[in-house]
Amino acid sequence: MALLQISEPGKTQAPHQRQLAVGIDLGTTNSLVATVRSGLAEPLADDEGRHLLPSVVRYVHNAEPIVGQSAKDAAPRDPMNTIVSVKRLMGRGIDDIRKNEFGAYEFVANDSVVPRIHTAGGDVSAIEVSAEILRTLRKRAEKTLGDVLTGAVITVPAYFDDAQRQATKDAAKLAGLNVLRLLNEPTAAAVAYGLDKKSEGIIVIYDLGGGTFDVSILRLNRGVFEVMATAGDSALGGDDMDMAIARWFMRQAGISDDADHAQIRRLMYEARRAKEALTDAEQVMVEVQRMDGTIWQGELTRSGMNDLIDALIKKTISPCRRALRDAGISLEEVEAVVMVGGSTRVPRVREKVEAFFQQPVLVDIDPDKVVAVGAAIQADVLAGNKPGDEMLLLDVIPLSLGLETMGGLTEKLINRNTTIPVARAQEFTTYKDGQTAMSIHVVQGEREMVQDCRSLAKFSLRDIPPMVAGAARIRVTFQVDADGLLSVTAQEQTSGIQSSIQVKPSYGLEDQEIEQMLRDSMQHARDDMQSRKIREQQVEAERVIEALNAALASDGEQYLDSQEREQIDHALSELVNVNKSNDVDKIKSAIKDLEKTCAAYVERRMNSSIKDAMSGHNVEEFES
Amino acid sequence: MSFDLSADYFQLFGLPVSFSVDTATLMQRYREIQQSVHPDRFANGSEQERRLSMQYATHINEALRVLKDPLARARYLLELKGVQWDDEQSTLSDPEFLMQQMELRESLSEVNEQTDPLDAVADILNEVNSLIGKNSQVLESLLSSQQAEDLEKAKHQVRKMQFLRKMQTEAESLEARLEDEM
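Going line by line, the protein sequences match chains Z and B.
Numbered per this note's numbering, the first sequence spans residues 761 to 1384.
Numbered per this note's numbering, the second sequence spans residues 228 to 409.
Extracted from the complex, chain Z is given alone in its bound form (with noise of 0.2 angstroms):
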């Protein structure tokens, strides 16, 4: 319960203890924990002094699976167990992954939507194995910290659909982490940026990762970015150029297509190895194994790489004219166009770009750890570390939310690039007496066609008051919150009764699967759990408390009367008990006890500061 931090002039603020918050960049290739430490936000590194985790995680029989550079040494080995760039199959389906992906795994039937991988440590979904990657990060975090966290941002590419967010956030979930805020990688960077620059302007973030590839345009103000239009495409990175790559080497080499999983594991190894090559070198010596043993060896210049990739490039670049002209943006407005992502080291991507935006793209940040360092400072500010700071991040829903109308058509409720958090409510009526149910398809993308759409979910509206056609009027909210999630709810107007939402994602899990996943990670004792529940529910608490009384110490006075006071201070004094057991349940309900008694207070708070706000902002003032 983070109250409000508002400090007087000539008063002063109860000592303030730091809440250990955390950034994290979930990257197809690479993972990074990041943190803000003596007002300075760094990558945290493992016991080696590694700062880049790479994103693969190795499940085998009966052991904990390996996660980072062990599980990346073992992939060419080990291809069917080792789980490399989940990232592209977080929120899809099974139809989705086997028509672009390229050596896919053994994919199992199951009843879920969600597809689950074979392997030798039992069957995964992709939410499991990005839980694994989260896992490792934050028990990094917590022992360079010290404590359990507080909480954590987790980045997502800013064209990540609903499906592809909720996957990330149940991820992080499974993980143990309280997620503060899933944060657009290209934001993330734009923070980072602009807070070292101190700019103002409008500036491009173009951010071309292993797997997915963003573009932003941002207007930084005075600490408050503005995003004023993002566009991407979710399935296309520099694994896309390994595989043109390997594909190359395939026909060169000889070397069939229906090349078993190994094989096309160290093409894509090798394909990897002569890119990075080429940043620097002209020309690379490359070495590809045919099935029957016998070895090809060839030349790969940096021109033949460029042929390779231009067509990947190109498709970046559509995006940046749509951004542009979303945004409402003419190029010579552009101050300046930062890269972003691993693959931006690609000469040519550089080249290209810098010819579209007409000038010199900046590189001087390191683009593997700029997301990581952005989303520690967000953390840092969103766990309540710096009171009275300016930095204020308005981001926007990448993608148009539409509804399925009749004959396969959508219509739109929401437009891509709407500031959120956002909300449309839609009238929707029976067609038949007595109807007490119908259903609703909600897909995002900007098609005209539904099934050119991605479909969300459906939703089945029940409890509808039966009444003659066309009589009930159900009105439906459609919800989007600053993770870019969305929730909806629907009334009938009539009668004002509550019509009951039965959720069915297309692509994401069920509540209950959830729960049973992380009922089964919880027997499995990865760490010691109830010693752990124990210390998140006391840092909980400790948060509580603190935020509370420095609340207080502000404005008590002012917003409460002595009998409010007595109550509140009593409840507080309850959980301040409380806290010294070991008893996460009586905890847990302490705080609960005193956020209602608290309830009134914090609403004055809230309305006196919007108040405050608006204040000294009246009509006269603009009339005159």
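If you're looking for bench data, these hints aren't it; they were derived computationally from the structure.
Positions of the beta carbon are idealized from the N, C-alpha and C atoms, including for glycine.
A portion of the hints provided could be inaccurate.
What the hints assert, rightly or not - According to the in silico footprint, chain B covers these stretches of chain Z (three or more CB under 8 angstroms from chain B):
id	segment
1	807-819
2	1178-1188
3	1235-1245
Starting from the known structure of chain Z, fit chain B onto it as the hints suggest.
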């Protein structure tokens, strides 16, 4: 004691109720208010705080969207003056305007047959944009009038604007498609 969600959008930003809006002031006010209500300020807060802040921020975003967009703003102003919109039933009885629209639509459908389709669509967009500009000026003077008949005229003008806006969207997406094909 509660934040007044029923205040009109102009009041919310401390602006006079008028069709012409000072965008710089509007944006400045918007940022100031979001600074104190945005969910980022309550990310670590109680459920109550997070719910309230999302509601407030959503409301402020909607208010900004309406006031920033001339068409939405005109519609909103007319609603404040008691106009009700019955979009489905309403037809536009302005033969001259409709003729012009049909001609524009026809040239839009023939863009691909031109020697330079991109040039052709740019010409159409220019024309539509200049019509929108003129329309806005007419709206501005009608909306500042207190006469009941001007209100009716303004309503009519808003409907025209809706046609033009639709045409603009179509022309822009055609232009985007053509550019991507290059």
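Hints, one by one, checked against the model:
Coverage of a stretch by a chain is defined here by at least three residues with a beta carbon nearer than 8 angstroms to that chain's beta carbons; for the segment 807-819 of chain Z and chain B the count is 0, and the condition is violated. Beta-carbon proximity to chain B at under 8 angstroms applies to 6 residues in the segment 1178-1188 of chain Z; the threshold of 3 is reached and the given coverage holds. Under a criterion of three residues with beta carbons nearer than 8 angstroms to beta carbons of chain B, the stated coverage of the segment 1235-1245 of chain Z is upheld, 3 such residues being counted.
In summary, the structure is inconsistent with hint 1 from the numbered list given earlier, while agreeing with all the others.
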